[in-house]
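Listed in order, the protein sequences are those of chains A and B.
Heads up, the first sequence is in the working numbering, so the first residue is 1 and it goes up one at a time.
Heads up, the second sequence is in the working numbering, so the first residue is 1 and it goes up one at a time.
Warning: the hint list may mix true and false statements.
Mimicking EDC-like on lysine to aspartate or glutamate, the simulated pairs with C-alpha atoms at most 20 Å apart in a straight line are [stated by the list, open to error]: (1) B:Lys44 x A:Asp24; (2) A:Lys98 x B:Glu59; (3) B:Lys14 x B:Glu79; (4) A:Lys56 x B:Glu100; (5) B:Lys44 x A:Asp1; (6) A:Lys37 x B:Asp38; (7) A:Lys54 x B:Glu100; (8) A:Lys98 x A:Asp1; (9) A:Lys54 x A:Asp1.
Simulated from the structure, these hints should not be mistaken for laboratory data.
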Amino acid sequence: DQQVKQNSPSLSVQEGRISILNCDYTNSMFDYFLWYKKYPAEGPTFLISISSIKDKNEDGRFTVFLNKSAKHLSLHIVPSQPGDSAVYFCAAMTNAGKSTFGDGTTLTVKP
Amino acid sequence: NAGVTQTPKFRILKIGQSMTLQCTQDMNHNYMYWYRQDPGMGLKLIYYSVGAGITDKGEVPNGYNVSRSTTEDFPLRLELAAPSQTSVYFCASSWGPGQEEAQYFGPGTRLLVL
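In isolation and in its complexed conformation, chain A is listed as follows (with noise of 0.2 Å):
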């Protein structure tokens, strides 16, 4: 049983419009969740994180919203940059430090 899921592996969009990125999650227990970025042959690197108390993190380009009742999260990135191409993952992490990940979502920026 999947805990976080992302449903879209690919996401394709135009140079300066947004990208909405989704996540869900079934475990009530999650206290934060985080996204991460990662190009080929590297690790994962951090982007932005959101506790689950609550709903609205924004960080330059990037904002998480977190909704709760619906389980879900979602990043936004605007304006989408050529460089923004990577796969981004979705984590769920617990108060004593265990993390779960998505199976990630390939975003691709055409210039």
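With chain A held as given, fit chain B onto it using these hints.
Same frame as chain A, now just chain B:
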């Protein structure tokens, strides 16, 4: 400040052989993690540690062992390599939930078991 370093970068093992994947961090982080990533999949947690001397199982611990004798090092041991353990292995570290949840990842070790 090197962050998280992993050795080796790539290794080919024969079935039944054993090896240790090394992971070191220089950020004085309390938490350390081992993940594996199979092609087209997400990262699966193998083991994690909340501090020296304390380890716990993740989603896919079978076939692996870990130890955490120091804050800096978190080696992952494969005792009897199997083809199903062919994967890319990532080590990560963080301050931990409530302080800074973000995990900092190493570059990965690509393991091929034949």
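Exercise. Which hints from the list above does the structure break, by number from lowest to highest?
Worked result: When the structure is compared with the hints, only number 9 turns out to be violated.
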